[in-house]
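Respectively, the protein sequence lines represent chains A, B and C. Here the working numbering is used: position 138 in the first sequence is 138, and no number is missing along the way. Here the working numbering is used: position 33 in the second sequence is 33, and no number is missing along the way. Here the working numbering is used: position 206 in the third sequence is 206, and no number is missing along the way.
Do not take every clue at face value.
[Unchecked claim] Listed below are several chain B residues computed to face chain C (Cβ distance under 8 Å; list not exhaustive):
1. E28
2. W32
3. V61
4. Y71
5. I79
[Stated by the list, open to error] Between beta-carbon pairs, the in silico distance windows are:
6. C:Y205 / A:K190: 38 to 44 Å
7. C:K259 / B:I92: 51 to 57 Å
8. A:K190 / B:T19: 27 to 33 Å
9. B:K20 / C:K161: 51 to 57 Å
[Claimed, not checked] Cross-link-like lysine-lysine pairs, in silico, DSS-like; alpha carbons within 25 Å at most:
10. A:K231 / B:K43
11. B:K20 / C:K96
12. A:K235 / B:K10
13. A:K232 / A:K253
14. C:K90 / A:K190
15. C:K93 / A:K187
16. A:K40 / C:K90
17. C:K90 / B:K43
The set of hints was computed from the structure by calculation and includes no laboratory data. From the three backbone atoms N, C-alpha and C, an ideal C-beta is built for every residue, glycine too.
The lines below spell out each chain.
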Amino acid sequence: MNNKITAITGNEAVSYAIKQINPDVMAAYPITPQTDIVEKYSEYVADGLVNTEFITVESEHSAMSACVGAAAAGGRVMTATSANGLALMFEILYIAASNRLPIIMPVVNRALSAPVNIHCDHSDSMAARDSSWIQIYSENVQEAYDNTIQAVRIAEHMEVRLPIMVMYDGFITSHGIECVELLDDDKVAKFVGEYPPHYPLLDIDHPVTYGPLDLYDYYFEHKRQQIEAMKKAKKVVLEIGKEFKQFFSREYKLFEEYQLSDAERAIVVLSSTAGTTKQVVDELRAKGEKVGLLKLRLFRPFPYKEIAQTLSHLKAIAILDRSDSFGAFGGPLFTEIRSALLEADKIPHNVNYIYGLGGRDINQNDIASIYADLEKIVKTSRVEEQVKYFGVRE
Amino acid sequence: MSDTKKLGWKEIPEGGLITKAGNSATYETGSWRSVRPVRDEEKCTNCLICWVYCPDCSILVSDGKIKGIDYSHCKGCGICATECPVKAIKMIDEKEFTD
Amino acid sequence: MANLKELSKKEEILSRGHRLCAGCGASIVVRQVLSALDDPVVVANATGCLEVSTTIFPYTSWKSSFIHNAFENAAATISGAEAMFRSLKKQGKIDKEIKFIAFGGDGGTYDIGIQSLSGALERGHNFVYVCYDNEGYMNTGIQRSSATPRGAWTTTTPVGKVIPGKTQYRKDLTAVVAAHNIPYVAQASIWRWNDLIEKSRKAFYTDGPAFINVLSPCPRGWRFDSQNTIELSKLAVQANFWPLYEVEQGKWKLNYKPKERKPIKEWMEAQGRYKHLFRPENEHIIKEIQEDIDKNWGKLLAKCKEK
Numbered sequence: 001m002n003n004k005i006t007a008i009t010g011n012e013a014v015s016y017a018i019k020q021i022n023p024d025v026m027a028a029y030p031i032t033p034q035t036d037i038v039e040k041y042s043e044y045v046a047d048g049l050v051n052t053e054f055i056t057v058e059s060e061h062s063a064m065s066a067c068v069g070a071a072a073a074g075g076r077v078m079t080a081t082s083a084n085g086l087a088l089m090f091e092i093l094y095i096a097a098s099n100r101l102p103i104i105m106p107v108v109n110r111a112l113s114a115p116v117n118i119h120c121d122h123s124d125s126m127a128a129r130d131s132s133w134i135q136i137y138s139e140n141v142q143e144a145y146d147n148t149i150q151a152v153r154i155a156e157h158m159e160v161r162l163p164i165m166v167m168y169d170g171f172i173t174s175h176g177i178e179c180v181e182l183l184d185d186d187k188v189a190k191f192v193g194e195y196p197p198h199y200p201l202l203d204i205d206h207p208v209t210y211g212p213l214d215l216y217d218y219y220f221e222h223k224r225q226q227i228e229a230m231k232k233a234k235k236v237v238l239e240i241g242k243e244f245k246q247f248f249s250r251e252y253k254l255f256e257e258y259q260l261s262d263a264e265r266a267i268v269v270l271s272s273t274a275g276t277t278k279q280v281v282d283e284l285r286a287k288g289e290k291v292g293l294l295k296l297r298l299f300r301p302f303p304y305k306e307i308a309q310t311l312s313h314l315k316a317i318a319i320l321d322r323s324d325s326f327g328a329f330g331g332p333l334f335t336e337i338r339s340a341l342l343e344a345d346k347i348p349h350n351v352n353y354i355y356g357l358g359g360r361d362i363n364q365n366d367i368a369s370i371y372a373d374l375e376k377i378v379k380t381s382r383v384e385e386q387v388k389y390f391g392v393r394e
Numbered sequence: 001m002s003d004t005k006k007l008g009w010k011e012i013p014e015g016g017l018i019t020k021a022g023n024s025a026t027y028e029t030g031s032w033r034s035v036r037p038v039r040d041e042e043k044c045t046n047c048l049i050c051w052v053y054c055p056d057c058s059i060l061v062s063d064g065k066i067k068g069i070d071y072s073h074c075k076g077c078g079i080c081a082t083e084c085p086v087k088a089i090k091m092i093d094e095k096e097f098t099d
Numbered sequence: 001m002a003n004l005k006e007l008s009k010k011e012e013i014l015s016r017g018h019r020l021c022a023g024c025g026a027s028i029v030v031r032q033v034l035s036a037l038d039d040p041v042v043v044a045n046a047t048g049c050l051e052v053s054t055t056i057f058p059y060t061s062w063k064s065s066f067i068h069n070a071f072e073n074a075a076a077t078i079s080g081a082e083a084m085f086r087s088l089k090k091q092g093k094i095d096k097e098i099k100f101i102a103f104g105g106d107g108g109t110y111d112i113g114i115q116s117l118s119g120a121l122e123r124g125h126n127f128v129y130v131c132y133d134n135e136g137y138m139n140t141g142i143q144r145s146s147a148t149p150r151g152a153w154t155t156t157t158p159v160g161k162v163i164p165g166k167t168q169y170r171k172d173l174t175a176v177v178a179a180h181n182i183p184y185v186a187q188a189s190i191w192r193w194n195d196l197i198e199k200s201r202k203a204f205y206t207d208g209p210a211f212i213n214v215l216s217p218c219p220r221g222w223r224f225d226s227q228n229t230i231e232l233s234k235l236a237v238q239a240n241f242w243p244l245y246e247v248e249q250g251k252w253k254l255n256y257k258p259k260e261r262k263p264i265k266e267w268m269e270a271q272g273r274y275k276h277l278f279r280p281e282n283e284h285i286i287k288e289i290q291e292d293i294d295k296n297w298g299k300l301l302a303k304c305k306e307k
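Put together the whole structure using the sequences plus the hints.
What follows is the structure in structure tokens.
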């Protein structure tokens, strides 16, 4: 086995994963902080190291459109984007998913304009949560790399056949250098396998029509099929996670529980902030505090049953959202988890912290203060402010 | 016209795919007509101008000769009658026909 | 030289039972263009009359593989399919010859689709783009597009007390496409089917991007009887409103010069959408439109090195 440990940024690692996956077509448009992915990949293409036809499209809308055309034609297709690029593709995201095309797309999380902000928050991918794309979040470079490889198998699984987004934090993970194990080329190729075609346009002996007009007599049935595929995706994510462990010794599940089983207070969070939180949990545990962390990985489909079961025993939880849904009662993660908890045996006190918008930093002291807030809630049995905006200057 | 029972979500191909290429031929647009083209076989020179101009592929041609008109699809637009160089096609009120 | 008897023996790609209006120019465009093919084809279509009327679930009128994506991206979509073909061919996974064509109305080509068209042309994909130009957003109910001629009534350029129809002249999209310096560009008419089929053949069998703009008269939108679709197509050419020409490897060539050009009035008299221009207070508009046509014809003659 020729795995190698190296110091590498998130974008370079993901670009390397794409090289190992070797998709048949990639159509992409550059946008900060995703640019290194396409730049690095262009070098692989120019050096003849991949089979990929790389279409340098003239916008993200055309990127996803070309991906739809290529995937329908019948082959493995990838792209990547961030923020407003993702927003520009919006209508085609729905079309890709509705046509059941397993396109794989790393999304480097960046704040949506306006004002223009190139730094990390989750407003871009959260805005796409209704689009029927499978959504997976990565804590660090290793996860971004591993998730990109697993994403191929999840999306292309015959019971799923839905496109998939793999998120990781802009600049923090995309440009941060971390110590990563890059896997053996042949083993990755074996893991992802050959693309399983499904009614390809290029099978001219069996011509098909993609993208018809549905009147009110068929649209609902087509959507019901998509709903079913999304439901199946959860078990497929777990199956692929187990298989990944067999190949590469690292297992991935729906979420990661860190010091959670005997905790009284916990933080629930996505992506890189989970890494910061783990450090704080270690420090507080050393002082005897019963704190823990739930790092969510699979956001769509949302594993509401498992989340409810896992969080029910806690006394107080702080749900951290790195985006807001303007006008809603709290951020997206908060509303999903509260809804899930309604089915739990016991509902812990729960508070929403909306933080980090536009790349506003969150450090260990901040996390520690959140655990301190939770302690006050446990002591008084009262939540004074349900939704807080953490780190904004008043 | 389509009278088929509408299928449920488990029975139709997924993703909106239509796997039976060209199956619109079973959808009979002939009922749209209010006038129908009638061809005088004697006058007709088989020039096939009506065939190349028909929007509904309803001029039936076999081995380079006109065999007839597909009345289950012809919409009665009248282009064939207008363009025929020898005026071999006339548009007759649909009321004159009972079939 | 297209031989109708020979062409009629080929299997048609567009089947009957589509729900385009009686007398629709678009289906005539599709039938004539695709008759030039000797290879299997993948068809992409922008949202519009053609796409919607030929693919109402569970029916499809397409005997070839077909994809509709959205309104503005037929060119981007076919780019993706063509790139997949090239990729799989390079990898030895496909050994057949397959052609790629995108059809779009003037809406999906001149306006909302112009960006993705320009991108696909610039990247040099091996495909054909055919615009069936019916001079308006017909599928959504006859709204103006940049292809709508000056003076025409549409629902978004209605004839009111102050403004009598569309105030701008048409966009010359064929020239815009020619400016991309692609190997083959042409303007054609369903009236001169021989010319159109020959141009389609050249488009399909030229390496790289090819573009054909075909006038597609619309009985509903232009307000004329369905039987006159071809007549209107002929009048447009004879009035120099829709010149027939090609730009092959950058060389402009005129394909048809009427002995005596018909006055634009004749073209307008045949359609209800120009009826208001015949009021005395609007006659100057017809005069200005005639001058504009003559001026553009002169420019075209110069480009084609004709007198």
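Of the numbered hints stated earlier in the document, which are not met by this structure?
Hints 4, 7, 10, 17 not satisfied by this model.
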